[in-house]
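> So the chains spell out like this:
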Amino acid sequence: MKKLQIRQLIEKIEGEAELDFTFNDGLIEDVKINFGFYRGIEEILKGKDARDALVITPRVCGICNHAHLLAAVRAIENGYENAGLKVNLSSKANDIREFTLACELIQNHVKWFYMTILPQLEAYIYQKSDENYAIKATYFASNITKALAIFAGQWPHSSYAVPGGVTCDPTHLDVMQAKSLIDESITFFEQVMTGLSLESYLNIDSVSDLHKIQGDLGKVLYKMGSHGMAKMGQSHDKFIVFGDCILSKPGKSIVTTVSNVDIRYVEEALQSGTVAKAVKYKNKLYEVGPLSRGMVAKTPIIKSFHKRYKDSLLTRVFARMHEVALLLDYNKKLLDNLQLDEPSCILDSDVGFYEFEGVGVVEAARGSLIHKTTVKCGVITNYDIITPTQWNLSHGTKDEQGVAIEAMIGSQSMEEATFIFRTFDVCSVCTTQ
Amino acid sequence: MITESYKPKLLWLQSITCNGNTHSFLNHPNLFSILSHFEIMHHPVLEGAYTMDDVIKGTVACDVLIVEGSFTETKFLKAGVEVSSLMKIYADKAKHIISAGTCATFGGIFKQKDPENISGFCFDLEEKTSRYVQYASKLISLPGCPVHPKWLSYVLLMIANNTKINIDNLHRPVELYGYTVHTGCTRNEYFEWKIDAKNFGLKEGCLFYEQGCQGPYTRGSCNKILWNDTSSKTRVGTPCFGCTEPNYPQESLFRTKTNMGIPAKMPLGIPRRAYLILTGVAKSFKIKRFSEKLLEYDK
Amino acid sequence: MKIADKKALKRESIIQTALQLFSSNGFHKTTIPDIAAKLHISVGNVYNYFSSKNILAQEIIKYTSEALGEKIQVVNMSDASAEEKIHEIVMIYFTMSKEKPEMIEYFLRVYLSNRDVFTDGCDGMVCVSGFITEIMIFFDDAVSSGELRNQDFFSAFGLFMGYLGGMVFLKGEDVLPKEIEFYIDDISRNIYNALKAE
Chain X
2 MKKLQIRQLI EKIEGEAELD FTFNDGLIED VKINFGFYRG IEEILKGKDA
52 RDALVITPRV CGICNHAHLL AAVRAIENGY ENAGLKVNLS SKANDIREFT
102 LACELIQNHV KWFYMTILPQ LEAYIYQKSD ENYAIKATYF ASNITKALAI
152 FAGQWPHSSY AVPGGVTCDP THLDVMQAKS LIDESITFFE QVMTGLSLES
202 YLNIDSVSDL HKIQGDLGKV LYKMGSHGMA KMGQSHDKFI VFGDCILSKP
252 GKSIVTTVSN VDIRYVEEAL QSGTVAKAVK YKNKLYEVGP LSRGMVAKTP
302 IIKSFHKRYK DSLLTRVFAR MHEVALLLDY NKKLLDNLQL DEPSCILDSD
352 VGFYEFEGVG VVEAARGSLI HKTTVKCGVI TNYDIITPTQ WNLSHGTKDE
402 QGVAIEAMIG SQSMEEATFI FRTFDVCSVC TTQ
Chain V
15 MITESYKPKL LWLQSITCNG NTHSFLNHPN LFSILSHFEI MHHPVLEGAY
65 TMDDVIKGTV ACDVLIVEGS FTETKFLKAG VEVSSLMKIY ADKAKHIISA
115 GTCATFGGIF KQKDPENISG FCFDLEEKTS RYVQYASKLI SLPGCPVHPK
165 WLSYVLLMIA NNTKINIDNL HRPVELYGYT VHTGCTRNEY FEWKIDAKNF
215 GLKEGCLFYE QGCQGPYTRG SCNKILWNDT SSKTRVGTPC FGCTEPNYPQ
265 ESLFRTKTNM GIPAKMPLGI PRRAYLILTG VAKSFKIKRF SEKLLEYDK
Chain Y
7 MKIADKKALK RESIIQTALQ LFSSNGFHKT TIPDIAAKLH ISVGNVYNYF
57 SSKNILAQEI IKYTSEALGE KIQVVNMSDA SAEEKIHEIV MIYFTMSKEK
107 PEMIEYFLRV YLSNRDVFTD GCDGMVCVSG FITEIMIFFD DAVSSGELRN
157 QDFFSAFGLF MGYLGGMVFL KGEDVLPKEI EFYIDDISRN IYNALKAE
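Protein chains in written order, with this note's numbering: chain X, 2 to 434; chain V, 15 to 313; chain Y, 7 to 204.
Chain X extracted, bound-state conformation (with noise of 0.2 angstroms):
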C-alpha cells in the first residue's frame, strides 16, 4: 500500500483553495479542501441596521452578489411576514426580480464555460488551442449585465431590491433597450454556442439528439464524452433544492426519487482544517447546483442524460449550459409579460418594523443560497449565510465522503480530480464568508 500525500493550491475558482490529495497504489483515496480565512461578513453585519444587509451582504462575492442581495431582501420580507406584516410584492417587482437574477446567473454560467471548462479541459486532454475563449466570455457577459443594470442601476453590487419590491420605476424605452440586449444574448447562444435556433434547442429532449448540438458547446460535449468524461466525477446522486424559480421547485432527489424539503433540517457545522463550515440536511449530505435542480425539477433532458451518465462530469456541466438557455428563454417571457403600471414597491420605507427573524432562500448560480436574519431594536443580533459551494464542498461525516470529494475519489492523477474539482464551479470567495 503505498500512500502518498500532495498539497496542491487550486486558483481561479474565484479564489483559490488547497486541496490536499492522498493517494493509494496509484488511485485517489481521499481528498481534504482548505480554506484559510474567513472575511467575516457575518460578524461585520451584527449591531448594523436590518436593512443595511442589503449593501453588506452582496460584498460575499463578486460574480454572485446579486443572489445575496436577492437573499437578502427576501429574508427581510419573511421576518416582516413572521411579525404580522403582509407582504405581497406586486408581479412587476417579482418578475423584474427574476429577470435580473436569470441575468446573473447567466453571466456565471457563460464565463464558467470559456473562461474555465474550455482552457481547462483542452489543457487536460492536450488540446490546447490559441483560440481566444475569454472574449467570447467577457463580450456575453458585458451585454447581459447591462441588461441586468437597466434595471438594477448597475453590476457587480446593485441594491436595488428593497422591502416591497424594487427602487426602478422603468418604462418601456427601459424594457425595449433591455429586450434588445437579451436578443442579442440568445442570438450569441444560437450562433456561436449551440449552432442552433434557441427553440430548437430547448426542443431537444433526449441524449441520441445530441448531436445535434454545434457550436462551443457542441465542442466540448463531443470532447468530454470522447475523453470517458461520461464516467468519471460520479458522486453519491443526491440532490437537493430550496429555492423556488423557474428553474425547479424545491425538494430534493435521491438518485431519481424526488420529495418534499423544509428548511427547518438544514445545519451548519464546523470543520476541522479549514474555515468552511459543512452543511448537511437531516444529518446527510447533497449536491446543489443546476444539475441538482434539473433533477428536482425532473426536466427531460436532465433525466435523459442522467438516465445514460448518471452524475458524472459530463452530465454537471452539461446541466449548468442548460440552464442558459431556460433562463434566456424565460428573460425574453418576463420582459413581454411586464406590467409597467404597476408599482414597484409597496411597503413604505420605514416600515417601523424593529424585532422580527427570517430567512431567505434564492438559487444562485452554484446552487441554493440561505440568509437567515434576526434583528432586535431595529438592529441585526445574528446573521447566517450558508452559500451553495458550502454544501458541495463538506468534507464528509462517517457515513459517507463530501459530494465534491466522493467525485473525485478513484482519480488517477491530480489534473483529473482538479478538472472533477473545477466542473462543480467552486466558489472560494462563497465559502469564505
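Bear in mind the hints are in silico, worked out from the structure with no lab data behind them. Be aware that one or more of the hints could be misleading.
[As the list claims (entries may be wrong)] Calculated cross-link-like contacts (lysine-lysine; reagent style DSSO-like; alpha-carbon spacing at most 30 angstroms):
1) X:Lys-377 x V:Lys-127
2) V:Lys-271 x X:Lys-180
3) X:Lys-13 x V:Lys-109
4) X:Lys-87 x V:Lys-109
5) V:Lys-238 x X:Lys-180
6) V:Lys-307 x X:Lys-13
With chain X held as given, fit chains V and Y onto it using these hints.
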C-alpha cells in the same frame, strides 16, 4: 493595437477581497484592446504568463501592480506564504501601483472584521501607513465598491501612454473623483427644489433628504460615466452609499442622519448656512410640475 | 459718504419709521403718505424704494428677521453650551421686545395676522429665513453635540418660538405683572428641560 514597443508587465494581486473589482473590470466593453497594451503576468480569472504558484514564489516580473482587497500584515496566507509579503515584494518591483477598490485603498468593508489589523494597502481609512511612505511615489488610488471598469482602464491607458495622471491628496485621479456622484443624477431637479422621495420605487423625488443618499458629498463619477454604459444607483432610485469614501461603509445606509430634521452632512463644500437658506427658499414654493408624475400616459 | 451707503441709510430710515407708525397707529391705518410726511420726504421718494405698501411690509419682515438672525448668529458662533445659548437667545428676544418693541410686535401683530399681505412674495418661510436659519443651526449643533434630544424640527421650534412669542404677546397686552427680564431665567430653564437629551 499591438505594436512592437515594450508592453508593461501587469500583475493583478488579490488580498482580502470579494472579487467584485475583478468582475467589474471584466465588464469593460473594450477589455481586450486595453489589455493588449500590457503583458499579463497573472490575473485572477484571465490567462496569464504565470501560475499562482509562480507568483507566490515572488519571482515574477512586474511593472504595473494592481492590488485588490484589504491588507493585513499577518495570518492571511496563500500556499503558506503571507500575502502581505507578496504585496510588498511586487510593490517594490512595480513602477506603478494601483489600489483597485475601496478595500485596497482605504480598508473598506472587510476592515470592519478587525479594524486594528486590517486596512487599505497604503491608507488606513484616511491615515497614511508605513507602506504609504514607501510607495507613495508610485501609487494611484481607485476607490469604489467595486471600482468602475472605466476608471481602471483610464489609469491603465494613461500608464501605457506614459501620460502623467493628476491626482489629489489621497492619490485619486482628479478627472474621475473631482466630481460628486450627484453630478448628472437624473433626479437633480428634485434636489434643487427640495422635493423629497418619501418612499422607493418612483422616478420622482430626491433621495438625499430622507432615504440616505450620499451622492451630494461622495466623490466619484457614477452619474457621469455610467455603470455598464447604462445607468447608476440613483438613476434607478437606489441611494448612493458613499462607497468611494474612506469611511465606507457608514451606519444606517438607507437613512439620512438628521439633527432636528437638518441633514447632518452637507453637500460637498456647501456651508451649512447657505444650504439651509437655499433649502428654506426652495421649500417655500410649490412647483406644480414637481408635484405631478414626470411622465403622463393615456389611461 | 458714497451714494450706495446713503441710499441704504435712507432705506433703513423708511423701514424704521414705518415700523414705528405701524406700532402706534396700526398697520391698516398707516399710509405711505403718512410715512413720507414723518420723514419729510416726498411720497414719490418712498415709492422709489418700495413700490407698494405690501412690498414695504414684506421687506420689513425680512429686515426684522435679519436683525434678530444676526444677533443669534453671534450666539451660534460662540463656544457656549446649548443651555447657555438658549438663555442668550431668550435674552436677545426679550431685550429686543423691550428696546425695539415695534420689531417683535410687527412680527406678531402684522405678519402673523395679515397673511394676505404676505402671500405673494413671502411664500412659506422665505422672508423669515434670516431668523429661521439661525435657529436651525442652533438645533443642529445642539443635537449633534448630544445636548438636545433629536426630534422633528417643528416640534422643537414650536415649543421654543411659540413660548417666546406668547410671552411677548402677553407683555404687549400689559398682562405681565413683572418686567420681561424677570422671566428670562425660568423660561430658559423650561425650554432647556423640555428639549434636552435624556
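> Determine for every hint whether it applies to the structure shown.
Hints, one by one, checked against the model:
1. X:Lys-377 x V:Lys-127: 21 angstroms, holds
2. V:Lys-271 x X:Lys-180: The given pair, whose Cα atoms are some 39 angstroms apart, is violated under the 30 angstroms limit.
3. X:Lys-13 x V:Lys-109: 26 angstroms, holds
4. X:Lys-87 x V:Lys-109: 58 angstroms, violated
5. V:Lys-238 x X:Lys-180: 25 angstroms, holds
6. V:Lys-307 x X:Lys-13: 48 angstroms, violated
Violation of the numbered hints given earlier is confined to hints 2, 4 and 6; the remaining hints are satisfied by the structure.
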